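Asks: Position chains B and C relative to chain A; hints supplied.
Protein sequences appear in the order of chains A, B and C. According to this note's numbering, the first sequence is numbered sequentially starting from 1. According to this note's numbering, the second sequence is numbered sequentially starting from 1. According to this note's numbering, the third sequence is numbered sequentially starting from 1.
Selected chain C positions facing chain A (Cβ under 8 Å, derived; list incomplete):
#, residue
1, K48
2, A153
3, G259
4, Y260
5, P262
6, G296
7, D298
8, K419
9, Q427
10, P436
11, F441
12, A447
List of simulated lysine-lysine pairs, DSS-like, C-alpha gap at most 27 Å:
#, chain 1, residue 1, chain 2, residue 2
13, B, K81, C, K119
14, C, K119, B, K175
15, C, K119, B, K37
16, B, K242, C, K119
If you're looking for bench data, these hints aren't it; they were derived computationally from the structure. Keep in mind that this is a model prediction, so the values were computed, not measured. Even for Gly, the Cβ is constructed at its ideal location relative to N, Cα and C.
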Amino acid sequence: MNDNRIILCRCEDVTLRDFRQAYAEGFTELESLKRYTGLGTGFCQGKGCLSEAVLELAVLRDADPAGIRLTNIRPPAEPLTFAQLAGLDIPEHPAQADTGEDQS
Amino acid sequence: MIPLSQGPVPATADAVLVGGGINGLATAYELARRGLKNIVVIEQNYIGSGSTGRCGGGIRQQWTTAENIRLAQESVALYEKMSAELGYQVFFRQGGYLMITESEADLPALREAVALQNRCSVPTEFLQPAECLKIVPELDVSRLKGATFCPRDGTAYPFAVVWGYARACHRLGVKIFIRTAVRDILSDDGRVLGVETDRGRISAPVVVNCAGPWARHLAAKVGVELPNRQERHEIMVSESLKPFLDPMVISITNGIYFSQSLRGEIVGGIGDPHEPHWQDPADFDTRSQLRFAVRFARALIQLYPRAAEVRLMRQWAGLYDVTPDHRPILGGVPGLGGYYHICGFSGHGFMLGPVTGRRMAAQITTGHPDEIINSLSLSRFENGDLQTDAFVVG
Amino acid sequence: MAQNPAPAAGLPTVAITFDGETLNCRAGTSLAVALWDQGIRHLSHSHKFGRPRGVTCARGHCTNFLLRVDGVPNVRSCETPLHDGMVVATQDTGTFYGAPMQKMLALGSAWFPVGFYYKWFTRPATLSRFFLDRIRPMTGVGRLPDAARAARALPAAAEAAATPPQTDLGQFETIVVGAGPSGLRAAAECAGTTLLLDDHVAAGGQRLAALRELASCRDSHLGRFPTLAAALERLEAAVARLPAHDNVRFLGGARAIAGYHPDGVLVRRGSELMVARFKTLVWAAGALDTIGLFPGNDTPGLFGPRALYRLLTRDGLEVDGKHALIVGGGLDFWLSAALLAARGAAISLVVTEGGCQSEVAAAVDLKWALNTGLKLDEVRGNGQHMVQAVFVPRRNAPGPLGSHMHLEADLAVICGRGKPAYDIPYQLGADLALLPERGGFVPRALAASTTGDLELTLPGGARILYAGETLGHLPTDQVSR
Numbered sequence: 001m002n003d004n005r006i007i008l009c010r011c012e013d014v015t016l017r018d019f020r021q022a023y024a025e026g027f028t029e030l031e032s033l034k035r036y037t038g039l040g041t042g043f044c045q046g047k048g049c050l051s052e053a054v055l056e057l058a059v060l061r062d063a064d065p066a067g068i069r070l071t072n073i074r075p076p077a078e079p080l081t082f083a084q085l086a087g088l089d090i091p092e093h094p095a096q097a098d099t100g101e102d103q104s
Numbered sequence: 001m002i003p004l005s006q007g008p009v010p011a012t013a014d015a016v017l018v019g020g021g022i023n024g025l026a027t028a029y030e031l032a033r034r035g036l037k038n039i040v041v042i043e044q045n046y047i048g049s050g051s052t053g054r055c056g057g058g059i060r061q062q063w064t065t066a067e068n069i070r071l072a073q074e075s076v077a078l079y080e081k082m083s084a085e086l087g088y089q090v091f092f093r094q095g096g097y098l099m100i101t102e103s104e105a106d107l108p109a110l111r112e113a114v115a116l117q118n119r120c121s122v123p124t125e126f127l128q129p130a131e132c133l134k135i136v137p138e139l140d141v142s143r144l145k146g147a148t149f150c151p152r153d154g155t156a157y158p159f160a161v162v163w164g165y166a167r168a169c170h171r172l173g174v175k176i177f178i179r180t181a182v183r184d185i186l187s188d189d190g191r192v193l194g195v196e197t198d199r200g201r202i203s204a205p206v207v208v209n210c211a212g213p214w215a216r217h218l219a220a221k222v223g224v225e226l227p228n229r230q231e232r233h234e235i236m237v238s239e240s241l242k243p244f245l246d247p248m249v250i251s252i253t254n255g256i257y258f259s260q261s262l263r264g265e266i267v268g269g270i271g272d273p274h275e276p277h278w279q280d281p282a283d284f285d286t287r288s289q290l291r292f293a294v295r296f297a298r299a300l301i302q303l304y305p306r307a308a309e310v311r312l313m314r315q316w317a318g319l320y321d322v323t324p325d326h327r328p329i330l331g332g333v334p335g336l337g338g339y340y341h342i343c344g345f346s347g348h349g350f351m352l353g354p355v356t357g358r359r360m361a362a363q364i365t366t367g368h369p370d371e372i373i374n375s376l377s378l379s380r381f382e383n384g385d386l387q388t389d390a391f392v393v394g
Numbered sequence: 001m002a003q004n005p006a007p008a009a010g011l012p013t014v015a016i017t018f019d020g021e022t023l024n025c026r027a028g029t030s031l032a033v034a035l036w037d038q039g040i041r042h043l044s045h046s047h048k049f050g051r052p053r054g055v056t057c058a059r060g061h062c063t064n065f066l067l068r069v070d071g072v073p074n075v076r077s078c079e080t081p082l083h084d085g086m087v088v089a090t091q092d093t094g095t096f097y098g099a100p101m102q103k104m105l106a107l108g109s110a111w112f113p114v115g116f117y118y119k120w121f122t123r124p125a126t127l128s129r130f131f132l133d134r135i136r137p138m139t140g141v142g143r144l145p146d147a148a149r150a151a152r153a154l155p156a157a158a159e160a161a162a163t164p165p166q167t168d169l170g171q172f173e174t175i176v177v178g179a180g181p182s183g184l185r186a187a188a189e190c191a192g193t194t195l196l197l198d199d200h201v202a203a204g205g206q207r208l209a210a211l212r213e214l215a216s217c218r219d220s221h222l223g224r225f226p227t228l229a230a231a232l233e234r235l236e237a238a239v240a241r242l243p244a245h246d247n248v249r250f251l252g253g254a255r256a257i258a259g260y261h262p263d264g265v266l267v268r269r270g271s272e273l274m275v276a277r278f279k280t281l282v283w284a285a286g287a288l289d290t291i292g293l294f295p296g297n298d299t300p301g302l303f304g305p306r307a308l309y310r311l312l313t314r315d316g317l318e319v320d321g322k323h324a325l326i327v328g329g330g331l332d333f334w335l336s337a338a339l340l341a342a343r344g345a346a347i348s349l350v351v352t353e354g355g356c357q358s359e360v361a362a363a364v365d366l367k368w369a370l371n372t373g374l375k376l377d378e379v380r381g382n383g384q385h386m387v388q389a390v391f392v393p394r395r396n397a398p399g400p401l402g403s404h405m406h407l408e409a410d411l412a413v414i415c416g417r418g419k420p421a422y423d424i425p426y427q428l429g430a431d432l433a434l435l436p437e438r439g440g441f442v443p444r445a446l447a448a449s450t451t452g453d454l455e456l457t458l459p460g461g462a463r464i465l466y467a468g469e470t471l472g473h474l475p476t477d478q479v480s481r
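So here's chain A without its partners, still in its complex pose (with noise of 0.2 Å):
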């Protein structure tokens, strides 16, 4: 199959052989490849391809899948403006007095 004409990450242009190429240089942890290869790190933080990544990497590990550590899905899961966050609520740390002012 022509591997470098299959998009798995359309956010970050990373193709199937991107991630293959990068698996055999030794980025073998679903987190190095996704720092490598950029996989993920786009607008959609990975909702079009982190489970067609953990697949491939099953494969490449001849491995189940189940047992790949997923990479950290750190929130938000869409993008918002700091002009949005700016607006909220600063919620109290829970390590804070009640009583407890925030500075900042």
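Replies: Chains B and C in isolation, oriented as in the chain A frame:
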């Protein structure tokens, strides 16, 4: 770079480094470069998975003690040549560091720091608020009282740095094991004998503890009591935009820092005085907080209004390994030959790791004393010989 | 662009500026669909290979179709409602490698292997610095928002910071994410205060919206598709029961976009953010479209069924007289086909999953082009208007087989097995694993379970209840339950 995630560990080694972050890998590389054979690096997760891969990637020379300035200068000199030396692009870009304050009371200290840095031939200059606009035109300077700027400070991509070191280590024959946990350090009669891992025992005359936030826990296995405590610090990246921001901007007033990465993202964080301190790895909690996102967004917009409608992409947290004086702990301990630690960087391990790794490797291989390592030894806490730096931010 | 047809007389229109040109567009649609209706399908490039990008998920998930709108970069046009006087511009028509390189890359990226920028131009140090100076202007997508925008956004943000608006939705016994069939069922079973969220404005979810749209069409042929008629009836009944539960607060058009421990769930409704806390979270957010891995899988004009529903019901995408190719099987396959046909599209079907005998018979009656025994092999883009799908025979498939089969269409809908939504439970601490038989990331505990619902206790004591499609594919089809 072929990190080994399977198979048994070697039964013997000349040196074992615990931790596959910048300290472990830079020190392993420097040891190998000095001719030491059979070096093994053990990483519990993946390369750069601890504090290195979670940091903002800043490297600055603006400090308030001569010793910190000297270390940072050496580090910048190393980073300037690092891509060429390792044969790997680490994306070190010298956009400078703009340190700002909103408080009149900080100004004498800033001016003093500039004078000291200049004496150490760091080209820092003091700027009036309006002069900051030459460096960051979109900055809101209305609340600023002053700033210092050093054009030779910069940022690098933390993962590229550890990958570059790992590849260079691999070329020199260093074995790197990932997904391997060190359970114990073995010692007898005042000498280190090796380590016990979950993949078997490695006998080695030298064990270097580069385990970052886990260093305290590991040192305790051989009775070494480190005063370090661990703090969560959070950081975020924005969407990627065309270049608009050259330096790292850092506020000594509220602890916000931000820069633009080579991918075009704003990378930044802000300290939180309410964060708890931990000493037991079982307590470590690096889950993200909404509180951070809101506080960072407010502080960023206040300082850099043009970012109001830029989007936060993702946030994460890492751990600082903090010492009482916010300076690293290097060297060995009396009465335990072959044991060394490189830890306690208090949030500055990425900027100092290459140079402390080089100095430590020289000391381990030659045995010659090193004045900086001596002054940063664990015993300083007993002697009460503490210098603190005023510029601990973020 | 090919054409600029005036919208039908009598319908409200808005005028927007697109790269300096004024376009009159139908009001009430999203920017992406307004441009699609004008024949503009391919507006942005993927930033590395310069591949054409068009509207795909219609939910703001993907990087496709990012535009500069009113001075703000990287606006997801599929989620942006039109307004009169909107100023729209394409951005960064150059690509990461530049145009000549892009031609070479189109032939294959062997010249630029993955991670080449880490390995090349490192020595000597001066070359490395020169390389960094050259590479930096090529990175990033979109320029900083206009100063005028910041000036407008800031007083609002400052005011919000000074007197925060009501951003706290409060503490709930249960938050149900997703008001589809399983979310409605869960909400009906809740006794305490309950917040029911759905991305769609009305309860019932995206699929009910599509079914209602189909039922409202003159030539819906709904009677010929018993599974669709039954699904509509069940969903309508579930929605009708909702007002009887006065402990349930329904918030439509609201999406859960982050889970924070211990703060709860961050909810976005339009541009407004809110926080809601819970003791139990019912995760009934459904599934995400799966296009699959095949050459050309990023070709504009390829959609999943959920994207199609949004485009047809929310944005009123015009498909009259267009040729639609639908590939797959199951409820969404037949719903997509029936809805597209009812809206005037010519239908070609490729059934790759079995079942639904009565539906197949209906398709034959309706003289839809019907193919079986094929497997999707490749999709090619043909300019801005057509996708061309290439099929190969399935192994062991019955019937006469040619070698390859090429099918052309204006749009193609791939009804694969959806991927269970997973992000918020992960962020709240659920232990997930990829279980291939379930089709995506689901709680690891499901590996040993074949039951319907699943309950997890989070560190800290809160609970997550999985329901419906978020559980992945079940031995029996519970989609329409």
